[in-house]
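S.K.: Next come the chains, spelled out residue by residue.
Number of protein chains: 2
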Amino acid sequence: MNGNNKPYVIGLDLGGTNSVFGIVDNNANVIAETSVKTRGHNDNAQQYVDDCVVELRKIIDQVGGIEKIGAMGIGAPNGNYYTGCIEFAPNLSWAHDVVPLAKMFSDALGIPVAMTNDANAAAIGEMTYGAAKGMKNFIMITLGTGVGSGIVVNGQMVYGCDGMAGELGHVIVEKNGRTCGCGRKGCLEAYCSATGVARTAREIISNTNKPTLLRDIPLNQIESKDVSIAAGKGDEVAKEIFEYTGRILGGACADFAAFNSPEAFIFFGGLTKAGDLIMEPIRRAYDENVLKIYKGKAKMLISQLDDAKAAVLGASALGWEIVMERGTAISTNAI
Amino acid sequence: MNGNNKPYVIGLDLGGTNSVFGIVDNNANVIAETSVKTRGHNDNAQQYVDDCVVELRKIIDQVGGIEKIGAMGIGAPNGNYYTGCIEFAPNLSWAHDVVPLAKMFSDALGIPVAMTNDANAAAIGEMTYGAAKGMKNFIMITLGTGVGSGIVVNGQMVYGCDGMAGELGHVIVEKNGRTCGCGRKGCLEAYCSATGVARTAREIISNTNKPTLLRDIPLNQIESKDVSIAAGKGDEVAKEIFEYTGRILGGACADFAAFNSPEAFIFFGGLTKAGDLIMEPIRRAYDENVLKIYKGKAKMLISQLDDAKAAVLGASALGWEIVMERGTAISTNAI
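Taken in order, these protein sequences are the chains called R and L. With this note's numbering, the residue at position 260 of the first sequence is 275, and numbering never jumps. With this note's numbering, the residue at position 33 of the second sequence is 48, and numbering never jumps.
Treat the hints loosely; a few may be bogus.
When chains are identical, the list treats them as one kind, so a pair holds in a single copy or across two.
Distance condition first, Cα-Cα at most 30 Å in a straight line; then the derived DSSO-like pairs of lysine-lysine [unchecked claim]: (1) 288 with 200; (2) 200 with 254; (3) 314 with 151; (4) 307 with 190; (5) 314 with 248; (6) 52 with 307; (7) 312 with 190.
Read the hints as simulated data drawn from the structure, not as lab findings.
Looking at chain R on its own, in the form it has when it is part of the complex:
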């Protein structure tokens, strides 16, 4: 009835630095790709959209024109699914206010466009193409510069009353703990993001005399990536940093289970590259802390999506949602 003769959707992974566009088929193949710098564009949202559309048209033409495209999905920081707006994104110079980005792209391209935040897009991607295929209840945790989450209940994304649900990175895990970017203290994000891991590294290295490869790096320049590399070489202090991080994350997940008793937690992002070094303490802390009735039920999985493409695929999956389930332009409901 709708879009069946349209074999592709567009996914936009709108990051702080780059905006990556992919044209994707329903087997998760990225048929064509392009990108535009997110910054610049005279700090003007309409200019950003116009500049993107110029580049985008080139790859649309490559695949046979806009008639082949069923819809577009956007994963963006502070992207609100209900309104199709980016709301007060501190790191986007043209979105410090409320920008109706879904409607702007829809008007420019003449196709339906939906938007959600990046972690929700990742969860939809995982459900459509990845480790969560067929799951009805799971929690996606994205471990990047920040800690994001996308929650699925009864097979549906949890958007809440305002489109902004699922900010598990800002659940308090340590009363009066580390100051978080959100202005509060003790958030999960302050411990388990890449910056949180770097902070833990600095704390642990300062408080121990144990030998560690990490001392070769100036203390204030240590990044979570360095910890991964050192841990991969068997560095005991680096392993201790992952142990500390994983225990906090596993303990937090034990509390999250009491909410929607998920079939799985799926972890995504740089930190998961450490494999069992991070997953083992997560699993252990989860088992030790979870309520008895939930014990042994939730799987602890690493995302199955190719890192480089995951964000674009997630956004494209939101496009498929429109094509498959709704068939109408969500952007027509946007403000």
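Using the hints provided, position chain L relative to the given structure of chain R.
M.R.: Chain L only, in chain R's frame:
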């Protein structure tokens, strides 16, 4: 198509002491009521059902026979919605194992029967008849002997992968805090249940020389009810106990908001009788602790259901769910 000629449903509030049955119309009128002691029945589940049905038939006959009844809903401790079973209920002598209670009542009465836990039943009741009418995303918190919760997302109850989701009373609010009945430490329930409040009362009274009416009661006999009465008389120590309790509950709710960004938190149970003495610190702690994007969004409400009837009405609402939405016997899906 189904049940339209059947003007009533049966609600069963299965408590540790009494099993209260109500025949309810779709305007929340309890047309007929009866009750049976929950204990006894030779510690045999089939005997319990048989004994209940004898009493139940009397009120069924009063309203015109079983042809008038569309379905039955049960709210029971450890009631699993998916299986229709009571699972390992420590306080029910005939349900220490797994008892397929929904199927047993369905077989005995010849009508569809659904079951869920008591807090979920309360949430469904509130959504059907009470303060949550028309809401799609809210969290019900029941403050009784324990702390229970029922969570609604996109207008649907959150049951999770196993039918056991929504145990927010067992989220950790104080690391290495008070021992909880579940065997873990620092659960919300250990602070904000009736027994938690009594425990707080004993702690605070022991640690202060301030005058208080509560000293008239032997320390180990103080109940949360006594704290309410004293607070109602302006007792400063009793108010401090509610302040402490409310702050912990409000802080916990701030974390819960990050999950499903609810339109409202609805509180039910004895503790809410204290009105603003408990609600004010809940609201204050919530506002101080909630993530900025959620600030000012969720209402903090007290249940609108009549306490004496709320549990039966909640269970009956589950019965209406079958009649209205499914039209088929969920118990046929039971194990």
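S.K.: If a hint holds in the structure, say so; if it does not, say that too.
M.R.: Evaluated hints:
1. In this assembly of identical chains, the alpha carbons of residue 288 and residue 200 lie at most 30 Å apart only when taken from the same copy (27 Å versus 33 Å across copies).
2. Both within a single protomer and between protomers do residue 200 and residue 254 lie at most 30 Å apart by alpha-carbon distance, with minima of 25 Å and 28 Å respectively.
3. In the homo-oligomer, the alpha carbons of residue 314 and residue 151 lie at most 30 Å apart both inside one protomer (13 Å) and across protomers (29 Å), since each shortest distance falls under that limit.
4. Taking the shortest Cα distances, residue 307 and residue 190 sit within 30 Å of each other both inside one copy (25 Å) and across copies (18 Å).
5. In this homomeric assembly, residue 314 and residue 248 come within 30 Å of each other (Cα to Cα) only inside a single copy, at 28 Å, whereas the closest approach across copies is 52 Å.
6. Only between protomers do residue 52 and residue 307 lie at most 30 Å apart by alpha-carbon distance; the minimum there is 29 Å, versus 49 Å within a single protomer.
7. Taking the closest pair of Cα atoms, residue 312 and residue 190 come within 30 Å of each other both inside a single copy (28 Å) and across two copies (24 Å).
Every hint from the earlier list agrees with this structure, and none is contradicted.
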